[in-house]
Structure formats: C-alpha cells, structure tokens
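A.B. asks: Take a look at the letters that make up each chain.
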Amino acid sequence: MIVLENVHKSYRLHGGTRKAVLRGVNATFSRGEAVGILGHNGAGKSTLLRLISGVEFPEAGHIRRRMSISWPLGHAAAMHYSISGADNARFVARLYGKPVAETVEFVEDFAEVGQYYRQPVRTYSSGMMSRLGIALSLAVDFDCYLLDEVVGAGDSRFALRCQAAMLERRERSTMLLVSHQAETVRAFCTTGAVLKDGRLTRYEDLDQAIAAYDAG
Amino acid sequence: MGCRPAAAARRHCQAVSTPLRGPDSLPQQLRIQVRVIGALLLRELVTRFGRENLGYTWIFAEPLILGLALGALHHISGHALPGGLPVVVFWVTGYMPFYLLRGLLNRAPGAVTGNQSLLYHRRITLLDVLIARNLLEGAAVSGAMLIFLMGFGMALDFWPDSWGTLLLGMVILLAMTHGAALILAALSIWTEMIDRVVHLFTYLSLPFTGSFFMVFWLPSEAQQAALLIPSVHCFEMVRHGLFGTAVPTHYDLTTMLTWVVGLNLSGMLLLRIARRDLMV
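As they're listed, the protein sequences go chains A and B. For what it's worth, the working numbering labels the leading residue of the first sequence as 1, then goes sequentially. For what it's worth, the working numbering labels the leading residue of the second sequence as 1, then goes sequentially.
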C-alpha cells in the first residue's frame with residue numbers, strides 16, 4: 001500500500017519565484033490496483049511519480065510506502081549512458097540482489113535491442129532506451145510499477161508485450177500510469193484519477209475519470 | 001521551504017524512508033548498504049576505465065606516471081633535503097597522498113551532478129556514491145604507492161620503517177578527505193560555484209597541505225601554525241612510517257581523529273539536508 005497525505009511540492013524558478021506543482025495530494029493505492037492518472041501537460045504528473053518513487057522529496061506532507069516501488073519508467077532514467085545495456089543489467093542485478101547471469105539474459109530477451117545490448121546506452125534510440133528501462137525494472141520484480149507515458153513511446157508490438165507483462169503482474173502488484181491520453185489509460189488501467197490544479201481526484205470508475213478529464 | 005530545521009527534517013525523513021517491506025533490521029540495512037556500495041564500485045570501474053585498452057590497469061597508471069615524472073625531475077635537479085632524506089623517495093611519497101587528497105576534493109562536486117540518474121534507485125544514497133568513488137580512488141593511489149615502495153626497495157634498498165604507521169596515516173588522510181568531500185558535494189547542490197572554487201583551492205593549497213615539506217624544517221612559530229592544518233598531521237604520520245626516527249615528525253592522533261569525525265558528521269548531515277533540495 002502507498003499512502004499520500006497532504007503532499008506539497010513546488011519548484012524554484014529562475015528569478016527566485018516558486019511554482020507550486022502539487023498543492024495537497026491525498027491518495028491511497030492498494031495492492032492489485034491499476035490506476036490511470038490523467039493530467040494535461042505541466043499538471044505535475046511526472047513530479048507526482050518522482051515523489052512516490054522517492055527520487056525527490058515532498059516539501060510538506062507524508063508518503064508512506066508498504067511495498068517496493070519501481071523508479072518512474074519513462075523515456076530515460078535510472079540508466080547509465082556510458083556503459084552498455086548488459087552492464088546496466090549487471091549493475092541492477094547486484095544492486096537489488098538478483099542473480100547476475102539470469103538478469104542479463106532476461107533483460108536481453110525482453111528489451112530486444114539486438115546487438116546494441118553490448119554497446120553504450122548513449123548510442124540507443126529513445127525507443128530502445130525505454131525498452132531497456134522497462135526490461136530492467138521487470139527484472140527486479142517490484143511490488144509497484146510507476147509508468148510515465150511510457151507505453152505509447154515504444155512500437156506497438158513492444159507495447160503489447162509490455163501490456164501482457166503488466167497484466168500478468170496485476171494480481172500481485174500495483175500499477176500507476178500517468179498520461180495525457182485517455183486511450184493509453186484505458187488499455188492498462190481499471191480505475192482512474194485526474195490531476196488538476198495540483199490536486200488529485202480519484203474515481204472508482206474509469207469512464208467517470210475520463211469524462212471528468214475531457215470536461216476540463 | 002525545502003531544507004528546514006532538524007526537527008521538521010527528521011519528521012519528514014521518517015515518513016519518506018519507510019522501508020520497502022516491513023521494518024528492516026539494522027543488519028539487513030547494513031547488508032543492503034554493503035551490496036549497494038559493491039555494485040557502485042564495480043560500476044565506477046566500468047564507467048571510468050572501461051574494459052578495453054588495458055582497462056582497469058589505468059587506475060594505477062595515472063598516479064604512477066605523474067609520480068615517476070615528479071621523481072625524475074627532482075632526481076635530475078638534485079637538491080639535497082634537510083635531514084638527508086632520500087630525494088626521490090621524499091617527493092614521490094609526498095606526491096601520492098597529495099594526489100589522493102586533490103582527486104577526492106576536485107571530483108566531489110561532480111559526484112552529485114554526474115550520478116543523479118543513480119538516485120532513481122531509492123536504495124542508493126549520495127553517501128553511498130561518494131563512499132564507493134573515494135574507496136576506489138583510495139585503493140588506486142595505495143596501489144600506486146605500493147608499486148613505488150617496492151621499486152624503491154629493490155632499486156635503492158629503501159624500505160619503510162613501519163608499514164602499519166604508513167598505512168594508518170594514509171587511511172586517516174583518506175577518511176579526513178572523504179569527510180571534506182561530503183561537505184563539498186552537499187554545497188555543490190546549492191551552488192554551482194563550488195566546482196570552480198574547489199579546483200582553484202586545491203591548486204593553491206599545494207604548498208600548505210604538508211605534502212612537500214616537513215614540520216621540523218620550519219621555525220617554531222610556523223610549526224604551530226602548520227599543525228593547525230589537519231592534512232599536515234597525516235603527511236607527518238606517513239613520513240614517520242617511512243623514515244622512522246631518522247627525522248623528527250610531529251603529529252597528534254587525537255587531533256587527526258577529531259577532524260575525521262567532525263568532517264564526516266558535518267558532511268553526512270549537510271548531504272542529508274541538501275538531498276531534499278536536489279531536483280533529479
């Protein structure tokens with residue numbers, strides 16, 4: 001379970017003023033939920049995921065985590081560009097105490113980056129990077145996955161495999177997906193939420209969430 | 001808001017550092033930290049030296065080559081040293097710890113910006129990153145130092161008086177500099193200026209660190225002043241290990257350890273506060 005209590009976050013802009021991004025987010029995410037969080041560009045979707053993952057810290061409020069949580073899976077993060085995909089897999093395996101050889105093999109199979117697997121990550125296309133990122137996180141096997149628009153970024157065949165992997169985990173794990181596209185959310189999620197004006201509103205019914213998002 | 005007084009910060013830290021699955025016991029946390037630092041060490045090796053073109057041997061190559069060049073220069077210029085110390089041994093064994101000190105301090109500000117992507121793994125703290133880097137650097141310089149000492153032993157029949165004192169002096173220098181590096185890394189989160197200032201500082205500080213002079217060379221008031229500089233104690237201790245009682249050495253173990261603890265505790269505290277302001 002993940003509980004957010006009155007979470008606030010603002011960023012300092014150049015010139016000294018601050019922009020409030022999250023103004024008191026309250027939410028509870030339980031095991032087995034697949035929640036689609038809808039928000040327009042700049043609504044604070046990525047910030048919310050960074051706070052939940054623990055990469056950044058809230059200014060006020062609390063985040064309680066009762067499960068292991070992936071890093072936000074997006075276009076590029078948590079990877080080292082100067083070393084190869086295989087070296088990244090070795091690093092992640094050592095870090096999370098997974099068997100190294102099996103992890104390297106799993107990531108190679110899932111990421112499908114071909115010969116690039118032994119090349120530095122900086123030579124990858126953005127699609128390859130996001131595939132590697134997802135493969136690395138699946139290898140660790142977290143309780144909760146944070147997805148940042150990621151599914152739309154890959155090609156459709158990979159999107160399907162990704163969907164299958166996530167659906168297979170849905171029973172035992174939690175998934176939070178942020179997107180500005182209702183279709184993406186519909187493909188993966190069972191319930192929805194809308195992030196607007198720094199606040200998160202949850203809807204039990206996904207269609208309700210999408211309707212509310214479309215309305216404003 | 002952001003970084004705030006200790007009480008508020010502690011309350012928040014508790015909330016956000018709730019363990020992954022139930023409360024981890026202290027031994028479990030230590031095991032995780034050892035695993036994290038191990039993984040970081042291996043990654044640092046790969047990213048800095050790669051696997052091609054002699055690969056990891058480059059760790060020792062840079063300090064070795066610079067040390068050789070310096071030793072050769074002083075051998076040729078041939079100035080005798082007070083107390084009749086062996087010229088090449090003195091300069092090279094002074095330069096190696098200085099190389100360590102300068103390397104750790106110069107690289108500290110970049111440690112945060114260069115490794116931000118690591119922080120996406122919640123298990124990794126900035127402290128882990130710096131420990132891993134500095135341990136590697138320490139091992140590299142100690143390796144180079146050992147190679148030189150074996151060389152001096154075989155070529156000049158010069159052997160250290162006490163390997164233990166020598167090693168302890170190096171380890172204390174490493175721990176002390178590591179603490180200072182933590183402080184610099186934390187400050188670099190708040191201001192980019194640190195990166196520029198540090199290079200200037202390490203360059204200008206060369207004559208004052210104690211790497212190329214001995215305290216007994218100085219007039220007595222200057223000796224007191226020199227011993228206010230913490231690194232001077234370490235260099236004196238290293239030389240005590242090298243030359244024994246052939247020359248007088250001045251250092252105080254209590255002062256050294258006080259600096260180690262003080263610098264490390266302030267560094268860890270600052271790093272913890274600054275981390276909350278870091279945009280990843």
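Calculated directly from the structure, the hints in this document are not laboratory data. Remember, predicted model here, so these are calculated numbers, not experimental data. Treat each hint with caution, since some may be false.
[To be verified] Chain B is nowhere near these chain A residues, computed Cβ spacing over 10 Å in every case: (1) Ser-53; (2) Ser-82; (3) Arg-170.
[Claimed, not checked] With a Cα cut of at most 25 Å, we get these calculated SDA-like pairs of lysine to any residue: (4) A:Lys-98 x A:Ser-82; (5) A:Lys-19 x B:Ile-124; (6) A:Lys-19 x B:Ser-117; (7) A:Lys-19 x A:Glu-33; (8) A:Lys-98 x B:Arg-276; (9) A:Lys-19 x B:Asp-128; (10) A:Lys-196 x A:Arg-172; (11) A:Lys-19 x A:Arg-157; (12) A:Lys-19 x B:Gly-38; (13) A:Lys-98 x B:Ser-117; (14) A:Lys-98 x B:Met-279; (15) A:Lys-98 x B:Asp-128; (16) A:Lys-98 x B:Ile-124; (17) A:Lys-19 x A:Gly-39; (18) A:Lys-98 x B:Glu-192; (19) A:Lys-196 x A:Arg-23.
We treat Cβ as the ideally placed atom computed from N, Cα and C, and that holds for glycine.
A.B. asks: Determine which of the earlier numbered hints do not hold for this structure and return their numbers in increasing order.
C.D. replies: 1, 2, 5, 7, 8, 9, 10, 11, 12, 14 and 18
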